[in-house]
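Engineer: As a plain string of letters, each chain reads:
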Amino acid sequence: AQSVTQLDSQVPVFEEAPVELRCNYSSSVSVYLFWYVQYPNQGLQLLLKYLSGSTLVKGINGFEAEFNKSQTSFHLRKPSVHISDTAEYFCAVSGFNQAGTALIFGKGTTLSVSS
Amino acid sequence: GAGVSQSPSNKVTEKGKDVELRCDPISGHTALYWYRQSLGQGLEFLIYFQGNSAPDKSGLPSDRFSAERTGGSVSTLTIQRTQQEDSAVYLCASSSGPLNTEAFFGQGTRLTVV
Numbered sequence: 811a812q813s814v815t816q817l818d819s820q821v822p823v824f825e826e827a828p829v830e831l832r833c834n835y836s837s838s839v840s841v842y843l844f845w846y847v848q849y850p851n852q853g854l855q856l857l858l859k860y861l862s863g864s865t866l867v868k869g870i871n872g873f874e875a876e877f878n879k880s881q882t883s884f885h886l887r888k889p890s891v892h893i894s895d896t897a898e899y900f901c902a903v904s905g906f907n908q909a910g911t912a913l914i915f916g917k918g919t920t921l922s923v924s925s
Numbered sequence: 130g131a132g133v134s135q136s137p138s139n140k141v142t143e144k145g146k147d148v149e150l151r152c153d154p155i156s157g158h159t160a161l162y163w164y165r166q167s168l169g170q171g172l173e174f175l176i177y178f179q180g181n182s183a184p185d186k187s188g189l190p191s192d193r194f195s196a197e198r199t200g201g202s203v204s205t206l207t208i209q210r211t212q213q214e215d216s217a218v219y220l221c222a223s224s225s226g227p228l229n230t231e232a233f234f235g236q237g238t239r240l241t242v243v
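Those sequence lines, one after another, are chains A and B. Per the working numbering, the first sequence starts with residue 811, numbered consecutively. Per the working numbering, the second sequence starts with residue 130, numbered consecutively.
Honestly, the hints are just simulated from the structure, not real lab data. Keep in mind that a hint or two might mislead.
[What the hints assert, rightly or not] Chain A side only, calculated, beta carbon under 7 Å to chain B, not exhaustive: (1) Gly853; (2) Leu854; (3) Leu856; (4) Leu858; (5) Ala912; (6) Leu913; (7) Phe915; (8) Gly916; (9) Lys917; (10) Gly918.
[As the list claims (entries may be wrong)] Dumping the calculated DSSO-like pairs for lysine-lysine here, alpha-carbon to alpha-carbon at most 30 Å: (11) Lys917/A to Lys144/B; (12) Lys917/A to Lys146/B; (13) Lys868/A to Lys917/A; (14) Lys879/A to Lys859/A.
[What the hints assert, rightly or not] Residues of chain A placed beyond 10 Å of chain B at every Cβ, according to the derived structure: (15) Pro822; (16) Glu826; (17) Pro828; (18) Val829; (19) Val839; (20) Phe844; (21) Pro850; (22) Leu861; (23) Asn871; (24) Glu874; (25) Ser925.
Bear in mind that the values here come from a model prediction, so they are computed numbers and not experimental data. Quick reminder that beta carbons are idealized off the backbone N, C-alpha and C, glycines included.
Make the full structure from the sequences, and use the hints.
Structural biologist: Right, dumping it as C-alpha cells:
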C-alpha cells in the first residue's frame, strides 16, 4: 500500500518569494507521483507528474518538482509566486503494476500568497 | 462527455436516510475513483475501479458505504443510514488506464446530513 505525507498544512508567503511545498511518500513498489492543485471554489487539476525518466519535472504555471528516490520525496517548488497561486496543493502517489493501483492523496497544503 | 459529471451537485438528507451519488466518467476511461473531501482531511480514498478487475474497496470507511460500476461506465456510490459525520464533498475521478497518467476530477457532490 502507498501513503503520502505533506509536511506542512499551511504555507504563507509573500508575492515574488520562492516557495517549497514538501511531500514524502511510502510504498513497497515503484511509484508514479503527482501534484494536483485546487483553486478556491474550483475542481482539482493536474499540476505535474513524475512517471519515469528525468527526476526534475516541470508543470504548469512555473511549478517544478524533483523526485528523490533515496529520500522518498517529491517536493514542489516555484522560484517566484504570484497572488494567483493561492490554492490548496495535493501530492499524490500511485503504485506501479500492471493492474494499476489507487491514487492516494496527502492531506493537502494551503498556499497563501499575500502582497 | 467532455468531462467527469457528478450528480447531484448538492444533496441535503436527514440522518438515517440512504443516499445515492452518481458519477459519469469520461467516455472510454477504464479507471474510476471515489474520494471524500472534508475540511482538513484532504482527499480520502474510498474505492477504485479498473476495467473488469475486482474493485479496490480498501478505503470504504464502513459497511454503510458501497459502490457499483455498471457496464464499465457509470458509477453509483451509496451511503446507507447516513450519519452527520458523512457530511463532506464526494469527488469522482476517471483516468484512461491503469497507469494513472492523469486523473480527471468531477466538480463533486456536497452532501449535508442534518
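Engineer: Give a verdict on every hint.
Structural biologist: Now for the hints, and whether the structure bears them out:
no.	hint	result
1	Gly853	holds (5 Å)
2	Leu854	holds (4 Å)
3	Leu856	holds (5 Å)
4	Leu858	violated (10 Å)
5	Ala912	holds (4 Å)
6	Leu913	holds (6 Å)
7	Phe915	holds (4 Å)
8	Gly916	holds (6 Å)
9	Lys917	holds (3 Å)
10	Gly918	holds (4 Å)
11	Lys917/A to Lys144/B	holds (27 Å)
12	Lys917/A to Lys146/B	holds (29 Å)
13	Lys868/A to Lys917/A	holds (22 Å)
14	Lys879/A to Lys859/A	holds (15 Å)
15	Pro822	holds (17 Å)
16	Glu826	holds (28 Å)
17	Pro828	holds (24 Å)
18	Val829	holds (19 Å)
19	Val839	holds (13 Å)
20	Phe844	violated (8 Å)
21	Pro850	holds (14 Å)
22	Leu861	violated (7 Å)
23	Asn871	holds (16 Å)
24	Glu874	holds (17 Å)
25	Ser925	holds (26 Å)
Hint compliance for this structure: hints 4, 20, 22 are not met, and every other hint is.
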